[in-house]
Amino acid sequence: RYAQAQTSEPIKLGFECHRTGIGASYGRWYERVANAAVKIINDEGGINGRPVQLIVEDDGTDPKRGAEVVEKFATQHKVDAVFGTLFSHVVVGAAPRAGELKMPYLVVSEGTHVSSGSLNRYCFQPGITDVRSQVTSMAPWITKNLGKKVTMIFPDYAFGYDHRDNLPPAIKAQGGQVVEMIAVPPTETSFTRYLPRIPTDTDVLYHIMVGPAVLTFVTELGQFYGSQRPAIFGFIDSVEAVNLATPQLGFLDGTYFWEGMPRYAQKDQSQWDKLYRAAVGVDDNGASKADPKDISTYAHMYGVWETLFTIKQAMQSAGYAGPKDKAKFIEALEAIEKFDEGRDHPQGDKIFNGKNHQAYGHQNISKVNGARMDVVHRTSIEDGMYEVKADYTKMSL
Amino acid sequence: MAFGPFLLLATLEGLLQAAVLTLTALGLSLVFGVMRVVNVAHGEFYMLGAVFAWWVASMFGMHPAVGFFVALIVSPIIVGAIAFASERLILKRLNYDPESTIVATIGMLYIIQQTTLLTYGPDARPVPAPFYYRIQLPWFGYSGYNLFVIVAAIVMLVAVWFVLSRTRLGLIMRATQFDRETAQAFGIPIERVYAFVFAAGAMLAAIAAVLIVPIRQAHYLMGLDPLLLSFIVVILGGLGSLRGTVVAALLIGLSDGIISVFFSPTLAKMISTLLVALVLVFKPEGLFGAKAR
Amino acid sequence: MASVTLLRTKGLSRQFGGLKAVNDVNFAIREGEIRALIGPNGAGKTTFVSLLSGRIAPSAGSIEFLGNDITARPAHKRVRDGIAYTFQITSIYPMLSVFDNVALSAQSALQRSPGAKPAVIAAKAKEALEHVGLSDRLRDRAGTMSYGHQRLLEVAMGLALEPKLLILDEPTQGLSDGEIENFCRLVKEISRSATVLLIEHNMPVVMKLADTITVLNHGEILAEGSPENIRANAAVQAAYLGTG
Amino acid sequence: MTASRTMRVIALHVAVLAALFLVQFVLPDYHYLAMTRVMVLAIYAMGYNMLFGYTGLLSLGHAMFFAAGLYGAGMTAYYTDLGVPLAFLIGICCGALLSLIIGLVALRTTGVAFMIVTMMFGQVAYLTITYFTDYTRGEEGLTMPASARNFDFLGLHVDLTNAVLRYNLALALLAITLFVILILVRGPMGRVLIAIRENEPRTLMLGFDTFRTKLGALVVSGTISAMAGAAYGLLFAYIGASFASIQYSIEALLFTLLGGAGTVLGPLLGSILMFYMIDIASEYTAAYLLVTGVALVLLVLFFPKGILGTIRERWLPWLP
Amino acid sequence: MLEISDLDVYHGSSQTLKGMSLTLGKGEVLCLLGRNGAGKTTTLRAIMGLARAQRGSVRLDGAEISTLPAHEVPRRGIGYVPQGRRLFSELTVRENLEIGLMTRRSPRRVLDEALALFPRLQERLGQVSGTLSGGEQQMLATARALCIDPSVILLDEPTEGLMPSMIATIRDVIVTLRDHGKAIVLVEQRVEAVLSVADRVCFVENGRAQATMPVQDLRDDPSLLSRYVGVG
Ligand SMILES: Nc1ncnc2c1ncn2[C@@H]1O[C@H](COP(=O)(O)OP(=O)(O)OP(=O)(O)O)[C@@H](O)[C@H]1O
Ligand SMILES: Nc1ncnc2c1ncn2[C@@H]1O[C@H](COP(=O)(O)OP(=O)(O)OP(=O)(O)O)[C@@H](O)[C@H]1O
Ligand SMILES: [Mg+2]
Ligand SMILES: [Mg+2]
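Chains as they are written, first to last, in our numbering: chain B, 2 to 398; chain S, 16 to 308; chain X, 4 to 247; chain D, 81 to 400; chain H, 74 to 305.
Simulated from the structure, these hints should not be mistaken for laboratory data. None of the values given here were measured: they were computed from a predicted structure. Every residue gets a Cβ at the ideal spot worked out from N, C-alpha and C, and that includes glycine. A hint or two may mislead.
Which stretches of chain D does chain B cover? Using the computed rule of at least three CB atoms under 8 Å from a CB of chain B, they are [said to hold, decoys possible]: (1) 98-110; (2) 210-218; (3) 320-326; (4) 338-350.
Within a straight-line C-alpha distance of at most 30 Å, the following computed DSSO-like cross-link-like pairs (lysine-lysine) qualify [as the list claims (entries may be wrong)]: (5) Lys103/B with Lys356/B; (6) Lys80/X with Lys167/X; (7) Lys298/S with Lys23/X; (8) Lys298/S with Lys80/X.
To give an idea of the chain S side of the interface with chain B (calculated C-beta under 7 Å), a few residues [what the hints assert, rightly or not]: (9) Ala25; (10) Glu28; (11) Arg51; (12) Pro143; (13) Pro145; (14) Gly272; (15) Pro280; (16) Lys284.
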């Protein structure tokens with residue numbers, strides 16, 4: 002199958018995976034997606050006629066280990082590129098080492114660290130839209146449909162800051178107002194006592210939580226409010242990998258969530274979503290086909306898939322033959338302008354900005370209807386555009 | 016929300032945390048007090064308690080209450096058995112040397128935690144509460160189950176207090192902690208006492224975990240927080256003082272909740288941690304400790 | 004020289020809860036003497052010397068050493084001033100070698116004259132061990148020695164401090180008769196360069212060594228005088244000696 | 081004691097350093113980078129050992145000293161243009177100052193209370209970093225700007241992205257630390273530290289100011305840890321709050337206990353072992369910490385005093 | 074009733090007991106004399122199972138007890154007063170005594186008898202034992218051992234640190250116990266104290282019983298003393 006290649010040496014891709022630590026739920030699914038995508042790539046003849054070999058290293062969701070893992074990929078496994086990292090602090094911790102080791106580092110983290118230009122030329126985020134763009138595109142719909150006075154609850158942690166920094170201006174731009182910002186320390190396991198801080202005149206409660214305590218958060222919100230509650234809008238991160246059919250979550254019925262890619266197969270499900278679901282082994286409810294109790298991180302993990310196909314695309318257009326072509330590979334990535342919806346990009350079409358290395362795509366807003374979610378609105382790409390100041394291409398390679 | 020209700024809520028939450036913390040800390044205190052073993056794996060016994068509760072509850076899926084109460088009995092027993100075995104296999108052979116046992120219990124921590132990750136997985140999983148009852152107060156709603164946890168913890172506490180201060184077992188345990196050799200010379204089978212104490216300590220943590228798991232979910236990393244807090248409570252309360260443990264747990268439970276009425280959460284945590292640390296600095300023997308050891 | 008007062012207490016008291024362990028004690032010791040402090044168990048002897056050494060703080064009263072008020076001086080400074088204390092309950096470094104135990108004392112003594120070489124410390128330590136007859140056990144771990152030998156080590160540590168006032172709290176406890184004899188000789192020798200305050204229950208030793216005896220009872224001084232006087236004192240016989 | 085013994089000790093340490101110097105010519109790339117990192121962490125552990133191994137004070141908040149160096153140096157390099165050498169010095173000073181303050185307060189306690197109090201101060205330090213997220217970016221952290229990767233020092237151009245330079249810088253710092261500690265623990269202070277560990281009341285009654293000695297040990301220990309932190313931040317270009325978390329305090333404890341508390345080389349050995357144990361095990365299983373756990377338990381069963389500690393006890397009593 | 078033969082005990086690589094042998098009959102006081110470090114305490118610890126014998130046997134009424142776990146030994150009726158008292162220092166006097174009672178489920182009567190011997194303790198039942206004076210602690214240690222209602226009592230330097238009148242009390246107690254038919258092993262440093270209570274004397278040297286003789290022999294020939302323990 003790899004007949005036309007000068008060499009059948011595999012292309013090695015380092016997958017930096019949160020197998021353990023607080024990111025483990027995501028890591029597990031990221032790994033499944035990566036395996037599925039690589040299988041397809043290899044079945045179709047690999048990249049430039051060479052098979053792709055996936056090398057997985059666990060970073061323990063820890064920035065120090067993350068940096069070590071990047072070093073290990075670069076110098077021991079001698080991979081051609083590294084991808085996959087989710088948690089912001091791990092990305093930020095490992096990025097400098099990737100830059101210095103001249104190792105292409107493609108993350109799937111949503112964070113604004115890539116798009117804001119604070120990392121380096123070797124860091125890319127082609128598979129998933131950054132939080133700033135997500136938030137910007139949500140704001141108009143929120144203010145128009147749910148209310149103008151917004152209270153936000155977010156983790157006092159990197160991921161939360163992207164929301165904290167970007168939501169208020171976006172809401173304000175729509176004539177709304179963020180009336181209270183409640184930062185919850187990342188170590189918190191119980192939230193009830195933060196809830197009274199929510200002003201009574203709040204129209205919309207905007208919540209975003211990560212980590213294992215998310216379910217507690219939602220449950221306690223339910224206990225607190227009962228049936229009289231403001232409109233609630235959340236980022237799906239709060240219930241990623243969590244079964245919506247859990248009795249405690251009944252309270253979420255009628256609330257809204259941002260989803261990168263809709264967990265429940267929609268009526269107008271695209272053929273690409275169908276194909277992608279089948280390849281990864283996810284059923285129509287977003288759970289593992291093997292175990293319906295094993296819920297995926299569906300709204301995010303597509304980013305891994307799209308990143309892998311982006312790598313393939315760029316390597317092919319660069320005629321990538323080995324590590325000496327890394328610069329060409331980077332430039333090829335930067336030269337990408339858009340992705341079309343299709344098998345390689347099942348979430349939808351995207352614009353890619355080669356200057357700040359960030360992709361911009363459509364976002365979904367879904368409503369919880371009796372333990373499933375249905376998309377009620379899909380934003381346009383333009384909704385999420387903002388002025389890009391960063392320019393990595395000015396940095397040397 | 017007005018200040019009063021806010022305070023009420025913070026207090027309720029503080030009581031809940033204090034209740035669970037007291038039970039967990041009591042287990043640690045027992046092990047530390049009697050065996051002089053700093054059991055770093057204590058939090059993992061707590062975690063195991065929650066995980067086994069999930070496991071039992073999902074096996075007895077007929078009614079949440081059935082699953083829960085079976086778990087309340089079965090889970091601590093399994094955890095106790097695991098603790099018992101590890102005491103026999105590891106700690107005993109180390110002769111309870113303080114430094115070695117720290118390393119060994121860190122090792123146990125990893126073993127338990129990672130085995131859970133391999134088998135149970137990285138997700139947080141809920142256990143249904145035995146009953147669902149929401150108390151609607153004029154300002155907010157509150158879970159009736161939370162109040163049940165507080166009461167259950169108090170009942171457990173009284174039971175432990177009775178055993179420690181009113182029974183022979185308690186006397187034996189207190190004697191053992193001062194002088195192992197002399198205790199043996201008076202017919203106390205210290206090996207059995209130690210294994211029992213270690214298992215009992217773990218079981219207390221497991222009970223606390225089963226009580227809390229309908230509110231907090233079982234997760235393989237959930238052990239760290241209770242471990243650290245328990246240590247603080249045990250030392251702050253004064254070693255071996257049951258009353259101290261309760262008071263310290265209340266203090267810890269209530270302080271950052273109430274302080275967070277006035278400050279932002281992270282700042283509140285900073286201030287309350289600092290305050291508690293300073294209490295210890297100026298009263299190193301703990302609030303109710305006899306004297307510094 | 005013999006008449007110079009080395010240490011004096013005025014109204015020294017210490018209470019434990021309601022118990023007056025040491026009660027209004029006025030006490031003075033002259034330079035160069037061997038003073039014995041005796042009294043029933045629980046009379047407050049250990050408490051009294053703990054006050055002198057600064058291990059515990061008095062509830063009232065003052066302590067004067069070489070004319071200076073040292074009541075508020077921390078314990079370790081008193082040691083440097085020259086008040087050394089050997090514990091009634093053996094307190095050594097069980098995991099360290101016998102030599103290191105004593106070397107620590109020697110090092111402390113030499114803090115007063117800085118710039119001491121390790122060789123000097125070693126020499127002083129060995130000399131002190133020689134005195135108590137442990138010089139053949141330098142390398143042994145202190146904790147593995149028998150109780151009696153640990154007591155001797157304790158004394159050696161006191162010696163190596165080169166104190167002006169050496170307080171010995173029941174030093175012959177646990178020593179066999181043979182060792183006691185050596186010990187008496189040792190104390191005599193020490194007394195040539197230092198003042199000794201000796202707490203003892205072993206009456207023959209007290210009678211043989213002491214220049215003056217102070218008897219403590221219920222935290223108060225019951226009697227003070229020469230060995231002969233004390234032996235003849237009816238109150239002392241009743242309170243302490245039993246028969247006499 | 082004797083001159084020959086001193087020679088033997090010096091020879092051993094010089095040999096270890098020489099070996100570390102020489103292996104750089106044969107180490108494969110990855111291990112080259114890894115060893116650089118391990119050496120910096122070993123410095124941290126050695127600082128820790130100064131307090132725990134020799135003085136017997138178990139601190140669970142040492143990450144705060146590491147973080148003081150990390151942030152002191154890192155924030156200086158990130159926000160000012162004072163230059164890297166000055167930033168490094170500032171990092172060390174931050175650690176020294178912090179350890180002095182913490183020492184004055186925390187040393188009023190002993191034993192487990194000390195352990196808990198330091199842990200809580202450590203938590204406060206961690207929370208402080210996350211509280212000032214506007215400057216620190218909290219958990220996410222900051223990466224060093226390009227200006228902090230290249231600088232001129234004494235007329236030399238230093239490029240911190242150069243792996244060879246980094247390795248040898250780390251080694252130099254390690255060597256300095258090693259000899260400072262060696263001199264301290266073999267000198268009169270070392271003996272007093274050990275005496276405090278073994279029996280503090282007695283040491284006080286031997287006329288030593290135990291509080292001041294402990295404070296000294298804590299400051300030395302904190303400063304060394306801060307130096308490791310400062311070096312870490314500057315060499316690897318990242319500072320983040322997770323370095324101040326309790327896990328990193330426990331890590332130092334673990335390195336020390338594994339290698340042998342109260343031995344000069346123990347923490348170095350412990351750091352190397354622990355790193356490779358995790359690194360190798362993680363290639364085979366996601367549950368590499370399970371392997372680590374089993375290894376720890378086995379180690380402690382057969383080497384109860386840590387590796388070097390047990391070797392010293394059984395075979396080489398002269399080991400410092 | 075107690076028979077020890079050929080005990081070897083090691084501490085690490087050094088041998089502390091080298092073939093120690095003793096016998097003790099009912100109602101007899103056997104006194105161990107010897108220099109510091111001779112192995113007297115170790116002998117008692119070996120009887121109690123606290124020091125493990127590599128070789129040799131300890132028989133109580135003919136039954137082997139050296140292989141029992143340490144906590145079984147007191148349950149067979151051997152009471153131990155350790156050197157240095159070793160009380161449960163944070164427990165009260167009463168609790169210390171209760172620990173003794175617990176061992177053999179002894180009746181209350183035993184406690185009353187023990188307290189009758191030491192009226193001083195009666196007054197201080199509620200005090201934390203660590204704060205007792207040295208002499209009081211020694212009484213408590215002895216009383217605690219009596220609480221297990223032993224048939225054999227091992228006393229390791231019970232008069233250490235006691236005032237003369239108290240030494241006399243302890244001596245009287247030992248005599249009383251003997252008269253009650255208890256067998257007693259007494260380790261003592263003070264020869265005069267020994268002479269007045271012992272039936273037989275055993276000189277311990279270098280980990281073995283060098284010579285055992287009726288106390289009368291010692292009274293008759295004080296030079297024996299200097300021969301075995303170096304006292305003139
Ligand atoms: N920390 C303490 N708390 C309470 N009481 C104490 C404390 N220390 C000593 N005592 C009491 O003070 C009294 C005097 O004790 P001290 O140890 O001074 O006696 P002593 O004369 O040395 O007796 P001995 O000859 O038995 O050693 C005793 O009754 C003792 O119980
Ligand atoms: N735990 C131990 N480790 C090593 N050696 C020990 C230990 N215990 C006792 N020894 C050694 O055994 C020997 C006998 O000690 P033992 O305590 O039996 O003497 P003893 O006759 O009771 O002396 P004393 O009259 O001083 O109490 C001593 O030389 C001592 O060094
Ligand atoms: Mg006394
Ligand atoms: Mg003895």
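To see whether the hints hold, each was checked on the structure:
Here's how the region 98-110 of chain D fares: 3 of its residues keep a CB closer than 8 Å to some CB of chain B, so the rule of at least three is met and the hint holds. Residues of the region 210-218 of chain D lying with their CB closer than 8 Å to a CB of chain B number 4, which satisfies the three-residue condition for coverage. Residue count for the region 320-326 of chain D with a Cβ under 8 Å from a Cβ of chain B: 4. That meets the three needed, and the coverage hint holds. Beta-carbon proximity to chain B at under 8 Å applies to 0 residues in the region 338-350 of chain D; the threshold of 3 is not reached and the given coverage is violated.
For the proposed pair Lys103/B and Lys356/B, the alpha carbon gap of about 18 Å is at most 30 Å, so the pair holds. Between Lys80/X and Lys167/X, the direct Cα distance comes to roughly 13 Å. Compliance with the 30 Å bound is thereby established for this hinted pair. Between Lys298/S and Lys23/X, the direct Cα distance comes to roughly 25 Å. Compliance with the 30 Å bound is thereby established for this hinted pair. Simply put, Lys298/S and Lys80/X have alpha-carbon atoms about 25 Å apart, close enough for the 30 Å limit, and the pair holds.
Look at Ala25/S: its Cβ gets to within about 5 Å of chain B, closer than 7 Å, so that hint holds up. Hint status for Glu28/S relative to chain B: holds, with the closest Cβ pair at about 5 Å, below 7 Å. Interface restraint check for Arg51/S: the shortest CB-CB distance to chain B comes to about 29 Å, outside 7 Å, so the restraint is violated. For Pro143/S, the interface hint holds, since its Cβ comes within 7 Å of a Cβ in chain B; the closest pair sits about 6 Å apart.
Proximity of Pro145/S to chain B is violated relative to the hint, the smallest CB-CB distance being about 12 Å (cut-off 7 Å). A distance limit of 7 Å between C-beta atoms decides the matter here; for Gly272/S the minimum to chain B is near 5 Å, and the interface restraint holds. With a cut of 7 Å, the hint placing Pro280/S at the interface with chain B holds, because the nearest CB-to-CB distance is about 5 Å. Checking Lys284/S against chain B: minimum C-beta separation of about 6 Å stays under 7 Å; hint holds.
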